[in-house]
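Q: As they're listed, the protein sequences go chains P and B.
Residue numbers for the first sequence follow the working numbering, beginning at 1 and rising by one.
Residue numbers for the second sequence follow the working numbering, beginning at 1001 and rising by one.
Simulated from the structure, these hints should not be mistaken for laboratory data.
A few of these clues could be false.
Simulated DEER-style distance windows between Cβ atoms [said to hold, decoys possible]:
#1 ASP1180/B / ILE40/P: 28 to 36 angstroms
#2 ARG1138/B / GLY102/P: 34 to 42 angstroms
#3 ASN1083/B / ASN19/P: 48 to 56 angstroms
#4 GLY1019/B / GLU71/P: 17 to 25 angstroms
#5 LYS53/P / GLU1087/B: 42 to 50 angstroms
#6 THR27/P / GLN1163/B: 51 to 59 angstroms
#7 ALA1002/B / GLN57/P: 48 to 56 angstroms
#8 SER1198/B / GLN41/P: 42 to 50 angstroms
Beta carbons: idealized from backbone N, C-alpha and C, even for Gly.
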Amino acid sequence: MNLVDKISNELIETKNHPNFKAGDNITVYYKIKEGNKERIQFFKGDVLQIKGKKATQTFTIRKISNNVGVERVFPMNSPMIDKIEVNKVGKVRRARIFYLRGLTGKKARIKEFKK
Amino acid sequence: MAGLIAKKIGMTSIFDESGKNIACTIIEAGPCIVTQLKTFEKDGYKAVQLGFGQKKIKNINKAKLGHLKKSKTKNLNKLVEFNFDNEPELGSELKVDLFNVGDYVTVIGNSKGKGFQGVVKRHGFAGVGDATHGQHNRMRAPGSIGAASYPAKVFKGMRMAGQMGNQRVKVENLEVLNIDIEKNIIVVKGAVPGFNNSFILIEK
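Here chain P stands alone, though its shape is the one from the complex (with noise of 0.2 angstroms):
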């Protein structure tokens, strides 16, 4: 391991969020600030990757909110993030589905993974 590494794992606690991949559907509970008011608001949508390794890893998530496409960056360890719920596991064949990008309605939909 590399010394930059080493130094941000130490610097960074890492969180022990469930595990989950591209195609998985989660839903994100993250805190926010309005002045000294601190308050939980959710984002749901859909794994689009997860870049990076370890400390400084993040993830995007997309969801349609009015027709319109949403996509948001978490770092994974942020301390902002209250918790991750992993509400469906996703059958998909790559680590990163920016095809889901081009495609709307019925044709966007991921099969969920049976065993």
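With chain P held as given, fit chain B onto it using these hints.
A: Just chain B, lined up with the frame of chain P:
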């Protein structure tokens, strides 16, 4: 200014108290050894010479080896002079505890060389806007560099194409985010000039 010779390790990002993700640079600073104390009487100016890093003795020339012998140090790689308010002793070791978390430091380094570059990249000229309307092969040209009969010359310092980067660059007011004295590591907010593993100077 008190300072240390250091090595740029690389960049990463950490979170601050408010949860913001901050880009920062990891620097290995010191331990530096005082190799010479220059005095006003002898050298004409005051300075503290520090040495950092290791080099094989066979790769150091005899003049430098003889100089290092005076301070009873051996195979130091890089020697740089600093100005200290409280002069350290000859041969003593200086560490990152020179700095505190929250300090603002100055970092000096040699920037990454970009080679011979045109004015668009080197000076941020806009270039020519149109590709059509009679325009021909002048998309990134600098345009006029001066008028004709008056002043009948090109002013000194006119911004033109040339070597970009690979020069000494000073970045001021970088906040110190973290210090690890055992590992000689200092984490600084923002970017620092130069390649990873290149020598840099940190000043208070």
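Q: Work down the list of hints and note, for each, if the structure agrees.
A: Here is what the structure says about each hint:
1. ASP1180/B / ILE40/P: 28 to 36 angstroms: With Cβ atoms ~34 angstroms apart, the hint holds.
2. ARG1138/B / GLY102/P: 34 to 42 angstroms: At 38 angstroms between Cβs, range holds.
3. ASN1083/B / ASN19/P: 48 to 56 angstroms: About 55 angstroms separates the Cβ atoms of ASN1083/B and ASN19/P, which means 48 to 56 angstroms holds.
4. GLY1019/B / GLU71/P: 17 to 25 angstroms: holds, 20 angstroms
5. LYS53/P / GLU1087/B: 42 to 50 angstroms: holds, 45 angstroms
6. THR27/P / GLN1163/B: 51 to 59 angstroms: Once the Cβ atoms are compared, 53 angstroms apart, the range 51 to 59 angstroms for GLN1163/B and THR27/P holds.
7. ALA1002/B / GLN57/P: 48 to 56 angstroms: violated, 38 angstroms
8. SER1198/B / GLN41/P: 42 to 50 angstroms: With a Cβ separation near 43 angstroms, SER1198/B and GLN41/P satisfy 42 to 50 angstroms, so the hint holds.
Comparing the model with each numbered hint stated earlier shows that hint 7 is the single one that does not hold.
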